[in-house]
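Using the hints, position chains U and R against chain X.
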Amino acid sequence: MSALTDDTLPITQHAMRDEMIVFALMAVLLAAVPFSGIYPFFVMQALCFALVACAFNLLIGYGGLLSFGHAMFLGTAGYCSAHALKVWGLEPTLGILVGTAAACLLAVITGYISIRRQGIYFSMITLALSQLLYFIYLQTPFTHGEDGIQGIPQGKMLGFLDLSKPTILYYVVMVGFLAGFLLIFRTINSPFGEVLKAIRENEPRAISLGYKTDQYKLLAFILSGTIAGFAGALKVFVAQNASLTDVHWSMSGEIVLMTLVGGLGTVFGPVVGAFVIIAMQQYLAGFGQWVTVIQGGIFVACVLLFRRGLVGEIAHLLKRSL
Amino acid sequence: MQALYAQLLVGLINGSFYALLSLGLAVIFGMLNIINFAHGALYMMGAFCAYFLLSLTGLGYWWALIVAPIVVGIFGMVLERTLLKWLTGLDHLYGLLLTFGIALIVQGVFQNYFGSSGLPYAIPDELKGGMNLGFMFLPVYRGWVVVFSLIVCIATWFLIEKTQLGAYLRAATENPTLVRAFGINVPRMITLTYGLGVGLAALAGVLSAPINQVRPLMGADLIIVVFAVVVIGGMGSIMGSIITGFALGVIEGLTKYFYPEASNTVVFVLMVLVLLVKPTGLTGRAA
Amino acid sequence: MARAPAANAASSAAEVLSVQNLEAWYGESHILHGINFNVNAGEVVTLLGRNGAGKTTTLKSVMGIIGKRSGSIRFNNSEIIRTSSDRIARMGVAFCPEERGIFASLDVRENLLLPPTVKQGGLSLEQIFDLFPNLKERLKSQGTKLSGGEQQMLAIARILRTGANFLMLDEPTEGLAPVIIQQIGETIARLKKQGFTILLVEQNFRFASTVADRFYIVEHGRIIDGFANSELQANMDKLHTYLGV
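Chains X, U and R, in that order, are what the protein sequence lines are. Our numbering applies: residue 28 is where the first sequence begins, and numbers increase by one. Our numbering applies: residue 62 is where the second sequence begins, and numbers increase by one. Our numbering applies: residue 16 is where the third sequence begins, and numbers increase by one.
Accuracy of the hints is not assured; some may be wrong.
[Claimed, not checked] DSSO-like mimics (lysine-lysine), calculated; alpha carbons at most 30 Å apart, straight line:
hint, chain 1, residue 1, chain 2, residue 2
1, R, Lys134, R, Lys155
2, U, Lys339, X, Lys224
3, X, Lys224, U, Lys146
4, X, Lys239, U, Lys339
5, R, Lys134, R, Lys151
6, X, Lys239, X, Lys224
7, R, Lys83, U, Lys223
8, U, Lys223, R, Lys160
9, R, Lys207, U, Lys223
10, U, Lys146, R, Lys83
11, X, Lys346, R, Lys83
12, R, Lys151, R, Lys208
13, U, Lys339, R, Lys83
14, R, Lys208, U, Lys223
15, R, Lys207, R, Lys151
[Claimed, not checked] To be clear about the criterion: a stretch of chain R counts as covered by chain U if any three or more of its residues have a C-beta under 8 Å from a C-beta of chain U, and this derived list gives those stretches:
hint, segment
16, 78-87
17, 107-116
18, 119-125
19, 130-136
[What the hints assert, rightly or not] To be clear about the criterion: a stretch of chain U counts as covered by chain X if any three or more of its residues have a C-beta under 8 Å from a C-beta of chain X, and this derived list gives those stretches:
hint, segment
20, 141-154
21, 165-176
22, 288-300
23, 327-336
Hints in this document: simulated from the structure, not taken from any laboratory. Glycine included, C-beta positions come from ideal geometry on N, C-alpha and C.
Bound conformation, chain X alone (with noise of 0.2 Å):
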């Protein structure tokens, strides 16, 4: 059975590098941002789904499993981060705290269900699973339903970074994103990254080497919910909302196409898809459902067609790896 990214990318000698030398590109362009008259707001948005999609790129770019369900982990620690800013009135650091720690939890307890089956079935499974939270969050009080938890307030960080002003926010956001995109692509180099990948690559192989499959499986699966719960609780602030749509299975969807078009597997991919797939739903805002159509049929053309994603295609053309 071919791996989803079968294409593998050399890893040159100088892959690390050259990753290291993108990243820097990234970071100093990122910072740039609020001096360019970008929108940060836009920035801000794209680069919470960029780390959602790092993270669900995570599991399947080098664990081998497609999870249909992230968005319970976006929704979830939305959810909860919203819930202890607003209500709780904590301050911001330990709202994402609260946030991150709902969806690592939550991630433990789906992983320890999901990671029974493999394949497709695990996918049916992140999906169902998602579904299920979604009509629990429907019901519960304290999401307030259709609604959702609104005006959320943005606090004052650490007691002096008020987050009202877009650009402190946006640099806090930032901030957030390279911390979470940094330990993802420390994590992909890591001897358990490279078990991973051989698990991804030949489990049988990887079981009889003794390694416990399953173990690493889980863990990974745990790392990937518990930062796509980091990067919802990091969008409370910029949204100031959690609702329904966050837990609904179109948003898996959508960051399953996001991490598509830019590329399964690769390290910049995810990024890039977000920022394509929040700039088209910008521009196409008032095309109200042509936005689905045109979402699937970009699902269609690039499974079909475009199997690497821009990154892959690029890092393909370019013989590195990106």
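Leaving out everything else, chains U and R in the frame of chain X:
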């Protein structure tokens, strides 16, 4: 007590749809190794086909029962020939992604033209009204849905398990290369099988139209429940899919009576329990 | 190292199969590097060789179920190198794979009746039950519940119904008891009398020597030698080297 039987009936009806849809999914998965995410959208197209048939040509329900599965089935076969066949040899997950994309396209197009609200479709005159069974009042149409679905499910089971044609299908599911080497046009079989599965979904859509209004998203949430049904039942046996579908519908109905808040989620909770106890599903065929 | 096999030349019977410069790949692996041989009408030809030599790949290439092939395969004077397997089957070629390919989800009767008739002249069910009496008793059993020998009989029986007159059998005696092997040998002899042309792949050359008219030796994806059954004794030493027995 009346209320309990009424909920049981609703449960049986939902179970009928679960059975018809998971049957189609299982047949398609067996032959094509694709989880057809577009199944919900094709179910919806069946219902819309019935609606158009009536509003554009005046042909009613009984025509729709035949025409809709054929029309949507043909559409499905075109999809298979043009898009799905490129998936052979690729990882199974691409099938999920591709059919997900197709579902988005179909549902998005319908949403653009018909919005999100429902279009009405009347119960055919012959099936209007109800019967007093003593312990409950049975609306005729609803009874018809359950009985007809059962007949179609059993007929499909018979076709697959007991006929020569079904033998070809079962053999091709097991070893398509060898079956082709015997001289059977397996690619054509695959297309027809997809058409069959899609036809079953469209038929469910027609049955559903008079009960649940005809809406572009009527299949979207349903398909996820059907996925859970499929995970619970496993896709190993045709009869298993049918029984699991009906059973889960009934369980859902009972839950609605005894503990309404959980009715949306009971199937998923059961899925979790089955996974913890028997990961390969009740009929136990591994992926 | 393509030495023209001695047996090719003097054959007056019609040529049913002619394979020239056949190369084949499984994905990236280059398995066949240039196979050359032929089979004449009414003959039983055996491909001998060690494990992994490419014998099965050769049969599968003729049947058209290998992904990538190049060269020339002519069946009854039609080029079939690019033809799909179902069309090759309908030309009268039948394949009995090494793993027998009995379908678990079909009973014995369904397995038997599965391959469609491709030509006139196939054996009728009575004739098949004559050849394989124990199949008649097991008709309702699930295909894979049969013993190894019975499955082999079933695998051969079902292609006899189709009317295909060119049969390719891949290691029909593998893993079977001597008594069954003898039965299979008798069956092949009987089929030959009835005019079937058979291409056999075997590792058990003692068995092959009881049924085959000619042999080819396959090694590392090439035909490296060939001789008629009459020359077998003279070539025993060479055979021992080739097959490592």
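Each hint, compared with the structure:
1. Proposed proximity of Lys134 of chain R and Lys155 of chain R is supported: the alpha carbons are some 27 Å apart, at most 30 Å.
2. Taking the CA atoms of Lys339 of chain U and Lys224 of chain X, the gap is near 28 Å; set against the 30 Å cutoff, the hint holds.
3. About 29 Å separates the Cα atoms of Lys224 of chain X and Lys146 of chain U, which keeps this hinted pair within 30 Å; it holds.
4. About 20 Å separates the Cα atoms of Lys239 of chain X and Lys339 of chain U, which keeps this hinted pair within 30 Å; it holds.
5. Between Lys134 of chain R and Lys151 of chain R the alpha-carbon distance is near 24 Å, which keeps this suggested pair within the 30 Å criterion.
6. The straight-line distance between the Cα atoms of Lys239 of chain X and Lys224 of chain X is roughly 14 Å, inside the 30 Å bound, and the hint therefore holds.
7. For the suggested pair Lys83 of chain R and Lys223 of chain U, the alpha carbons sit about 37 Å apart, so the restraint of at most 30 Å is broken.
8. A distance of roughly 19 Å separates the Cα atoms of Lys223 of chain U and Lys160 of chain R; the hinted pair therefore holds under the 30 Å criterion.
9. Between Lys207 of chain R and Lys223 of chain U, the direct Cα distance comes to roughly 36 Å. Violation of the 30 Å bound is thereby established for this hinted pair.
10. Restraint check: the Cα-Cα separation between Lys146 of chain U and Lys83 of chain R comes to about 19 Å, which is no more than 30 Å; the hinted pair holds.
11. For the hint pairing Lys346 of chain X with Lys83 of chain R, the CA-to-CA distance comes to about 27 Å; that is within 30 Å, so the pair holds.
12. Between Lys151 of chain R and Lys208 of chain R the CA atoms are separated by roughly 24 Å; this keeps the pair inside 30 Å, and the hint holds.
13. A hinted pair counts as satisfied when its Cα atoms are at most 30 Å apart, and Lys339 of chain U with Lys83 of chain R does not qualify at roughly 42 Å.
14. For the given pair, Lys208 of chain R sits about 37 Å from Lys223 of chain U by alpha-carbon distance, which is inconsistent with the 30 Å threshold.
15. Restraint check: the Cα-Cα separation between Lys207 of chain R and Lys151 of chain R comes to about 23 Å, which is no more than 30 Å; the hinted pair holds.
16. For the segment 78-87 of chain R, the proposed coverage by chain U is satisfied: 3 residues have a C-beta within less than 8 Å of a C-beta in that chain, meeting the threshold of three.
17. Remark: the segment 107-116 of chain R is confirmed as covered by chain U, as 4 of its residues place a Cβ nearer than 8 Å to a Cβ of that chain, reaching the required three.
18. With a cut-off of 8 Å between beta carbons, the segment 119-125 of chain R has 4 residues touching chain U; three or more are needed, and the interface restraint holds.
19. Given a C-beta distance limit of less than 8 Å, the hint that chain U covers the segment 130-136 of chain R holds, as 3 residues qualify and 3 suffice.
20. Counting residues of the segment 141-154 of chain U whose C-beta sits closer than 8 Å to any C-beta of chain X gives 8, which meets the bar of three, so the coverage hint holds.
21. Under the rule that three or more residues need a Cβ within less than 8 Å of chain X, the assignment of the segment 165-176 of chain U holds, with 8 such residues.
22. Closer than 8 Å: that is the beta-carbon criterion, and the segment 288-300 of chain U has 4 residues meeting it against chain X, so the requirement of 3 holds.
23. Check result for the segment 327-336 of chain U against chain X: holds, 5 residues qualifying (beta carbon to beta carbon below 8 Å, three or more required).
Checked against the numbered hints listed earlier, the structure breaks hints 7, 9, 13, 14; every other hint is satisfied.
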